[in-house]
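Given these sequences and hints, build the entire structure.
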Amino acid sequence: MMIQTNYNPDVLSCLANLSNDEVFTPPNLVNDILDLLPAELWKNPNAKFLDPVSKSGVFLREMAKRLMKGLESQIPDKQERINHIFSQQLYGIAITELTALLSRRSVYCSKTANGKYSICETFTTEQGNIHYERMQHTWQNGKCTYCGASQEVYDREDTLETYAYNFIHTDKPKKIFNMKFDVIVGNPPYQLSDGGNSRSAKPIYHKFIEQAKKLNPRYLTMITPARWYAGGKGLDDFRAEMLADKRIRKLVDFENSNDVFPGVDVAGGICYFLWDRDNKGQCEVINLIDGKQVKSERALDEFPILIRHSQAIPIIRKVLAKKENGGKRLSEVVSSRKPFGLPTNYKPKNSGVPCWFIQKIGLKYASKSDISDDNKLLDKWKLLVPPAPIAGQTDFSKPVGFYYDGNTRIAKPGECCTESFIVAGAFSTEKEVLSFKTYLFTKIVRFLLLQTVVSQHVTKDKFHFIPDLGEYQGEYTDEMLCKRWGITDDEWNFIDSKIKNIGANETVVIDE
Numbered sequence: 000m001m002i003q004t005n006y007n008p009d010v011l012s013c014l015a016n017l018s019n020d021e022v023f024t025p026p027n028l029v030n031d032i033l034d035l036l037p038a039e040l041w042k043n044p045n046a047k048f049l050d051p052v053s054k055s056g057v058f059l060r061e062m063a064k065r066l067m068k069g070l071e072s073q074i075p076d077k078q079e080r081i082n083h084i085f086s087q088q089l090y091g092i093a094i095t096e097l098t099a100l101l102s103r104r105s106v107y108c109s110k111t112a113n114g115k116y117s118i119c120e121t122f123t124t125e126q127g128n129i130h131y132e133r134m135q136h137t138w139q140n141g142k143c144t145y146c147g148a149s150q151e152v153y154d155r156e157d158t159l160e161t162y163a164y165n166f167i168h169t170d171k172p173k174k175i176f177n178m179k180f181d182v183i184v185g186n187p188p189y190q191l192s193d194g195g196n197s198r199s200a201k202p203i204y205h206k207f208i209e210q211a212k213k214l215n216p217r218y219l220t221m222i223t224p225a226r227w228y229a230g231g232k233g234l235d236d237f238r239a240e241m242l243a244d245k246r247i248r249k250l251v252d253f254e255n256s257n258d259v260f261p262g263v264d265v266a267g268g269i270c271y272f273l274w275d276r277d278n279k280g281q282c283e284v285i286n287l288i289d290g291k292q293v294k295s296e297r298a299l300d301e302f303p304i305l306i307r308h309s310q311a312i313p314i315i316r317k318v319l320a321k322k323e324n325g326g327k328r329l330s331e332v333v334s335s336r337k338p339f340g341l342p343t344n345y346k347p348k349n350s351g352v353p354c355w356f357i358q359k360i361g362l363k364y365a366s367k368s369d370i371s372d373d374n375k376l377l378d379k380w381k382l383l384v385p386p387a388p389i390a391g392q393t394d395f396s397k398p399v400g401f402y403y404d405g406n407t408r409i410a411k412p413g414e415c416c417t418e419s420f421i422v423a424g425a426f427s428t429e430k431e432v433l434s435f436k437t438y439l440f441t442k443i444v445r446f447l448l449l450q451t452v453v454s455q456h457v458t459k460d461k462f463h464f465i466p467d468l469g470e471y472q473g474e475y476t477d478e479m480l481c482k483r484w485g486i487t488d489d490e491w492n493f494i495d496s497k498i499k500n501i502g503a504n505e506t507v508v509i510d511e
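For the sequence shown, numbering that gives the first Met the number 0 begins at 0 and goes up steadily by one.
Keeping only pairs whose Cα atoms sit at most 27 Å apart, straight-line, the calculated BS3-like set for lysine-lysine is: (1) K436 <-> K499; (2) K213 <-> K232; (3) K375 <-> K346; (4) K322 <-> K482; (5) K64 <-> K47; (6) K337 <-> K359; (7) K201 <-> K249; (8) K499 <-> K430; (9) K436 <-> K379; (10) K379 <-> K348; (11) K249 <-> K317; (12) K232 <-> K397; (13) K459 <-> K375; (14) K379 <-> K430; (15) K179 <-> K279; (16) K346 <-> K359; (17) K174 <-> K212; (18) K42 <-> K68; (19) K249 <-> K232; (20) K173 <-> K47; (21) K482 <-> K430.
To be clear, the hints were calculated from the coordinates, so they are not data collected in a lab. This one's a predicted model, so the numbers in the text were calculated from it and none came from an experiment.
Given below as structure tokens:
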């Protein structure tokens, strides 16, 4: 029976290893998340719990186990306790028809809540308290007004799943069950195809968090990708709101998604949080790396993005406190994508302006009429760097390299580039650009870059914490910058552990 504690081997553990945008949650992770909640909740017969994104029913099942134990003295009769918990305390909204059946099977031990084999005797409907309703997207200009799904991709016939999730495809989520919840907990779908190039997708998990907050529960906890810390399509407002929300009291962070979902690769890692409605304050941030925990209490909104590692914060503070060059940052210097208006697939010409293409093409030519030079970069010495310097690396618990001789180019005056590069810096002399290159190649500078990076793409805004020194002379070294910025030995050891050594043996990855 599901209320027994020794449930291994567990079919829900097996399902958790399936990889897609709706990642199933392992039971051990569910219990780690539920441990964030106050223990007295499990002894409260009036507390109500909602999983608005039920897939396997594992959250509801594990909560039922805790309630069965916590309410034993108040409701001694086992069957009466089961009936009360499932009919009066636990509620779910499935994300698809299949997961609705799966959830009821794992929670009620029957795919129908009122079936012959259901462990709860009081339900009169097949759904019980695990709700599912097939819904359609609301299309406007080719996109769903609720979730942003692409009409081209998700406008499907009745026999196919629409992925129009019940919880977020309504303006009035309170009406789904018409009650107040003490706890909302779950693992929402992470993304939907947005109809863009290749396998382009947009985040969707934040919409479930925003909708859950509308219900104003006492506690909210969800597990999501960690990319919202500093990136993600359309997440700027969500990130700002999350960082400013003093009700987020705990944040548990995993750089490597495999530590949470074995066999599932989520770029930038995974996190889960506890939102405590009636208890504002600083957030306890817990970083888990190779099974070790690093804890700190801090305000999440000290910077415009969330700094993942607490050990990085004093380093950033020291560097920025120096106000190099009046406080100017490299984010004000680095070019935007397509610095000369030429896309990656631009075809080389037989003559014209020398132009750097992807690695397999190298230095060829572009037509002068095709080039734009609004920022007056063409006649300068330029350091060209790839916009995706860590393509293929999604595990940020391992050292990151970013830039090295193999994937950067120095462009002479009169030379341009396609979108395969961005201009990291432009100077009047070759000596300056070579000096700037040594600065960018130091581990400390690349470490400052790492603090803003949560995917393979490195755009100009990611250089926010790197000072622009203004004048670049001679060779820059980590030893020099440690003295200049007051970096301690312990801080250097942390920096050194996060950034790869660069050299001739580095793998070259600059093709798109």
